[in-house]
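Protein chains: 2
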Amino acid sequence: MDKSSPRSDLQRIFAPQSVAVIGASTRPESVGRAVFSNVLRYDYTGVVYPVNPKARSIMGVRAYTSVLAIPDPVDLAVIIVPSDGVAHTLEECGRKGIKGAIVITAGFKELGGEGIQKEAAVRDAARRSGIPLLGPNCLGIINTDPQVSLNASFSRLMPRSGNIALISQSGAVGTAALEYAQSERIGLSKFVSVGNKADLSENDFLAYLLEDPQTEVILLYLEDLTEPRRFFQLAEGSSPRKPILAIKSGRTAAGAKAASSHTGALAGSDAAYDALFAQCGVFRVESLEELFDYAVAFATQPLPQGNRAAIVTNAGGLGIMATDAAVRYGLTMADFEKETTARLKESLPPAANLHNPVDVLGDASEERYAAALERVLADAGVDGAIVISTPQLMTNLAAIAQAVTRVAAQHQKPTLVCQMALGEIEETLTILSQGGLPHYHFPEEAARALAAMARYARSLARPLYEVKTFDDVDRQEVREVFAGVRKAGRSFVLEPEAHRIFAAYGFPVLPHSWVHSAGEAARAGEALGYPVAVKIVSPDIVHKFEVGGVKVQLHNAEEVRRAYDQVQENAGKSRPQAALAGALVQKMAAPGTEMILGMTRDPHFGPLLMIGLGGTLVEIFKDVVFSVAPISEQWARQMIEDLKAFPLLNGYRGEPPGDLETIADCLERLSQLALDFPEIRELDINPLLVVPRGQGATVVDARIFIG
Amino acid sequence: MDKSSPRSDLQRIFAPQSVAVIGASTRPESVGRAVFSNVLRYDYTGVVYPVNPKARSIMGVRAYTSVLAIPDPVDLAVIIVPSDGVAHTLEECGRKGIKGAIVITAGFKELGGEGIQKEAAVRDAARRSGIPLLGPNCLGIINTDPQVSLNASFSRLMPRSGNIALISQSGAVGTAALEYAQSERIGLSKFVSVGNKADLSENDFLAYLLEDPQTEVILLYLEDLTEPRRFFQLAEGSSPRKPILAIKSGRTAAGAKAASSHTGALAGSDAAYDALFAQCGVFRVESLEELFDYAVAFATQPLPQGNRAAIVTNAGGLGIMATDAAVRYGLTMADFEKETTARLKESLPPAANLHNPVDVLGDASEERYAAALERVLADAGVDGAIVISTPQLMTNLAAIAQAVTRVAAQHQKPTLVCQMALGEIEETLTILSQGGLPHYHFPEEAARALAAMARYARSLARPLYEVKTFDDVDRQEVREVFAGVRKAGRSFVLEPEAHRIFAAYGFPVLPHSWVHSAGEAARAGEALGYPVAVKIVSPDIVHKFEVGGVKVQLHNAEEVRRAYDQVQENAGKSRPQAALAGALVQKMAAPGTEMILGMTRDPHFGPLLMIGLGGTLVEIFKDVVFSVAPISEQWARQMIEDLKAFPLLNGYRGEPPGDLETIADCLERLSQLALDFPEIRELDINPLLVVPRGQGATVVDARIFIG
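Line by line, the protein sequences give chains C and D. If you read the first sequence in the numbering used here, its first letter stands for residue 1, the second for the next number, and so on. If you read the second sequence in the numbering used here, its first letter stands for residue 1001, the second for the next number, and so on.
Excised from the complex, chain C in its bound form:
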C-alpha cells in the first residue's frame, strides 16, 4: 500500500460509510454471527450488508449472495469465509471497488507449511486489487467515535468511548485488554487487532493513530516489529508527541521461544527492542495492568513538571506504604513550603500529620480532603498528588471522590486516586471516570503511574534526535582495507587493518607500525618513542593474549627486538598451524579507565551498539548499555550516563572526570561506520582507554569481523 497518507487509506477501515460482512452467519457461537451482530447492535452509523450465499437475511437484515450482488457502493469488507475462499473473495471486493478489508479468518501463516503460501496468495490478491488489508487471523477493529460507532470484531463487548487507542498483535491479549479496560471504566478511541500482518502492520495503524484527533494515548501489544526502522521514525517524529506505551512480549529467552513457536516470527534480540523503544520515546511496560495503569493517567492528567510527589491519606500506614513505593519508583517526596504547612494546620485537626504524606486522619470528611488537597496542589514544590482513602467509620468515599475531582480540576497538576474499598467502589469509579481522574486499587500502583508520568515528561525534555554525519571520514580507505581482507579470503580483519579503519573514521588510535622482522620492530620502536607494546599479527589468532602474543612496557630497541622474537615463538608454539603475519608495534597508551565499545549486527534491527566498562566485575554485574544505530550526540551521552558504573567515569570521590565527550564521539563514529559498511558483522574496541576530561581516550585494541 501507499505509505504516504495513512489517514486517507485507513479511514475506510475505521470510518467506512458502509460495511459488507462477508461470511455473516446465523449459526450460534460462530464468528460470522458474532461479527455481524457486533456491527449491527452497537449503533453503527453507516450501512451494514450481510453476505451469505445461502441466507435470505441475517438477524433480520437482508442478505446478499455475494458482495457483487450488493446494489450500493461498499467501503469496507469484513471477511469471515473459510481460509481457502479468502483470496477469491478479495478479488470480488476489488471488482466491487471496496477500499479496505479485514480478514478475520484464521488458518494462514500461524499454521506454518501450506498456511504460509495461502497467506501469500491472500496478500497478493489484496495488493492486486489495491485493497489495504488487515489480518488475516485477527479479531477485527473497533471505533468508538459516536460519529461512526463501529465494532467490526468478534469481541464480546463494545468498549466505552475514550481517548486511548490499542493495537494488539494477539487477538486474545486484545480481548483480555478490552475486558480489563471495561472493568476499570477505561474508555478507548480505537482498537485494532493486527493479526498476521500480511499487508497492514502496526506501523500503518500507528501512523494513523498519531494523526487521529480522538486518540491521545496509544497502547501497543507486540510480539515483533515488522519494520523497526519505520516504527522508530514514526514514534520519534510524531509532533506533538502522543504517549506510546508498549508491551513487547518474549523478553526472556523462554518467552522469546514461546513467541516464536506462537507466531513463527523471528524477532530481533530483546536488547534491541529495549534500546529502540527507549531511543524513540516509547514507554515499554511488562504487563497489561501496567499498560492501563499508566494509560489512564496519561489520558486524563497533565504531565508533571518534575518528580516531587505529595500524598494525602486518611490512613497513616498506607501513607507510609505509598511513600515507600513512590521513592522506589523514582519519585521524591515533596518538601512543603512553610505556607502550605501553616495553612494545613488551620484546616486539619491537631493529630493530623501536616507534612508529606499528609494524614487527614481516619474520620476525615470530604471537606477535610478538599482543603488538604487544595493546599498541597497549590504548593509550588509539588508536581503531582496521590489521594488515598480507606473506608473508616465515617468515611464517605463517593463524596471524597467528588471533592477530589473538583479540587484537581482547578490545578494543572496530575492527581491520582486510590480508594481501597469494596462496597462503594462502583460509585467511586463512576464519579472519578466522569471527572477524568484515574483510580487505582493500591497506593503502590498510583505511585508507579505517577512515577511513569514523571519519567515520560523528563524524556520529552530531551532535544530532538538529530544524527550528526561526520565528514572527516575516509570511506575509500575503509573500502580498500575490506577489499584486501576479502581478497585474502578472510572474515577476520587483522589488528593493523582495524587500526587503519578506525583511523580513517577519526577514532583516536595510537601511533603504531606493522612490522615483519625483529629489526623492523626495533626501528619502529625508535620511531614511535618508548614505551611501546608488541603484539602478534595473525589471521588465525583472535585472542592474542592467550597465546603469549603480547608484550607491553618495552623501553628500548633491544627489548622490542626480543619481544618480537618472543611473540612469534610463543604463537608458533601454541598455534603451530597459524599463519603469522608479523607484529604490531604500538605506542603504549597513558593509563586510564578501560571501556569496551562494541557493535553486533542484528538481522532485524541492523547495527546494535554497545558500551560498557572493562574488567571482570563489570562482566559479573552485566553493566552494559545497547542502542540501535544511528544515535544522536545526545543519545551517545545518554548511553554513557545509563551505565551503572557511570559515577566512576564522572569523577568519583574526587578523581578527575573522564573525557565523556571523546567517548560519545567514538560512539557516534562507530554508529556511522556500522551504517556505512553493512559488511561489518561484528566489532569491538576493547579496551578504549579513557583519561581525564579534555585529554581524550585511545583505541588500544580492536577486533572486526566482516561477512
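Treat each hint with caution, since some may be false.
[Claimed, not checked] The list that follows gives simulated cross-link-like pairs (lysine-lysine, DSBU-like), each with its CA atoms no further than 30 Å apart: (1) K1345/D <-> K118/C; (2) K118/C <-> K257/C; (3) K1257/D <-> K338/C; (4) K468/C <-> K644/C.
Don't read these hints as lab results, they were simulated from the structure. Remember, predicted model here, so these are calculated numbers, not experimental data.
Given the coordinates of chain C, assemble chain D onto it according to the supplied hints.
Frame of chain C, contents of chain D only:
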C-alpha cells in the same frame, strides 16, 4: 504478661465465653455502636453484655451501668470509653475477674506528650490487674472460627472463614486488607489490629497463631518490631513451619520518616529488618496485593518441589507474557517429558502448541483444558502449573474453572489460575474459592506467586539455624585490651590493639609487631621476615593512608628503618596535633581478593554484620550483604553467596575459587565477638585478603570503636 503460654492467655481474647463491650453506644456512626453491633450481628456463640452508664439497652440487649454490675462472669472486655476513663475501667475489669481486654479507644502514645503518660497509666492498670491488654488505639480482633464467630472490632465487614491470619499494626491498613480479602473471596482465620502495643505485641499474637489449629498462613503488617530477638526466635523456631509473610513499611528513608511521624516508633534500620526476616524465614513483601497473592497460594496449595513451571493457556500471547514473568520472578519453564508431549498431541488439535507454554487454542473447551492440565501435572519435570483462560468465542470460564479444580485436586502440585474476564469472573471466583484454587487477575501475578512458593520451599530446605560457639577464644585478652583503651580515655582502638583482639578471637591475623623506634622497627622486620609493611599508630589518626602513614613492600632492615622515620614525619606534618604511638610492622600478605567485613550496632537489633568485596566498583554497585547476629555457619555461607560478585569468589573464568570456608569462619567469629562485647560500637576489617580455597584469608587492616 507471662510469656510461657501464649495460647491459654490469648484464648480469652480470641475465644471468650462472654464479652463486655464497655462504651457500647446507640449513637449512629460511633465506634461504640459499631463494635457492639459487630459482636451482636455476626453470630457470636458466647454472651455479649453492653456496658453504658446511661442506656437501658443497646440494640435491644440489656445494658449494664458498669462491668461490675454484670451478674455473670465475663472473659473479655472490649473498651471504647474516652481515653481518660480507660485506666479506671481496667481496674474495674480486674475486680470483675476479667481475663483479657481490648482497648479500642485512641488518644494515647500516638498523640505524643500527655498521651504517652496516659498510655503508661493504662498499661500499669492492666498489669496490676493481671489483664493481658490489646491496644490501645486499635481496630480490635476478629475470630471467624464458627465455634466462636467473634467480631470484636469496628471493621465494616466480617471476613469469610479461612486459614489465613492477619496481624496489622495499622487499623486502616487492616481495614483495607479485610476489604481486599473479601473482594477476592479470601478467607481469614483470625484478624488482630495491635494498635499501640502498650502490653501485647505482634510477638504474643504470632506465638498464639503459630499454635492456632485454624491458622496455616500468617500475614503481618508492621511498622516496627517490638522485640526483634523474640520475633526471630518465634519465627525461626516454629515447627512445623507455617509460612509467615510480612510487610514492613518504612523501607525507604522517606517512608521511615513518615512512619516515625505516624507511630512515634524509632524503628531499626531497614537493612536490619531485611536481614532479620530473611534469617528467620519470614517472607518479606512490599504491598497488600503481593501479601494476599502469595497468602492465598500458600493457604490452598502444596509447596512445589522445585521451580519448574508449566503454563496452560488458550491465548498464545498471554502464554508468552506469563513465560516472561515466570522467568523474571525466578522460575524456569519445565521441559516436558517425551511422553507428555506425545499424549498432549493425542488430546489437542494440530494447531495447538504441545510445548511449554501449552496453547490449547482459543476455542478450547473445559475437556481440552482438563486433558492438557492432567498430562502436564503428571509430568515428573513439572513442579507447578499456571492455567490461563481468556473469554473467547466459545469459552465457558466457569466450566473451565470446574475442570481445573477437579484435575488439580488429583495432584500434589500447586496449580494457580488466571481468568482474564469481566462477566463470568464472579462465578469463577466462587468455584475456585470453593475448590481451593487461588485465582489471579493477571498471569504475571500468578507467576509471581508460584515463584514465591518455590523460593519459600527452597528456604525451608535449609538446615536448622544452629549457632556455633567458638571455645578457642580468649575473652580475658579482649577485656584487657578494652580496659586499656578505656583507661586511655579513647573510643578508637589502635590497630595493634585491634589485631590483638582479632588474634584472641581466632581470626587469621598477620604476624606483626608494635614498635616505637626505627631501630625497633628494623629488628621487627628481621624477625618477621620480609617483605613487611610499616604503618603509623596514633589514637588521633583513623585514616592512615591519607596522612602518608603507610609504607608497603619493604624488603630489608634499611627500608624498614627509613619507612618508620617517614611515616612518623609524614604524620607529624599533616596532623601536627596528633599524638603518635610508634608504628606497626606487619608481614605483607599474599595477594588475594579484597573483602570487607564489618559490624555496626543497631540500637534496636544489636550487632548488624556486613560483608562486601573491596574496591570502588563494589561501592558503586552497593554490593554488600547484612545480617543480624548471631549467624549460623550455613547463614555465613549464605551471606557470601548472596553477594552479586559471588561468582568472582567462586572461581570465575577458570580462576581458583577463594577460601569461602575461612570467610564464613571469620563472619561467625565476628558475630560471636560482637555479641560477647556489647561495648564494640563499630568495627571493620578492610581488607580481609582472600586467597584460593584451602589457603585461608588474612586480616590486613582493621578498625574498632568502642563506646
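Status of the hints after comparison with the structure:
This hinted pair checks out: K1345/D and K118/C have alpha carbons roughly 25 Å apart, not beyond 30 Å. A C-alpha spacing of about 25 Å is found between K118/C and K257/C, which places the hinted pair at or below 30 Å, so the restraint holds. With a C-alpha separation of about 18 Å, the suggested pairing of K1257/D with K338/C holds against the 30 Å cut-off. About 26 Å separates the Cα atoms of K468/C and K644/C, which keeps this hinted pair within 30 Å; it holds.
Taken one by one, the earlier hints all hold for this structure without exception.
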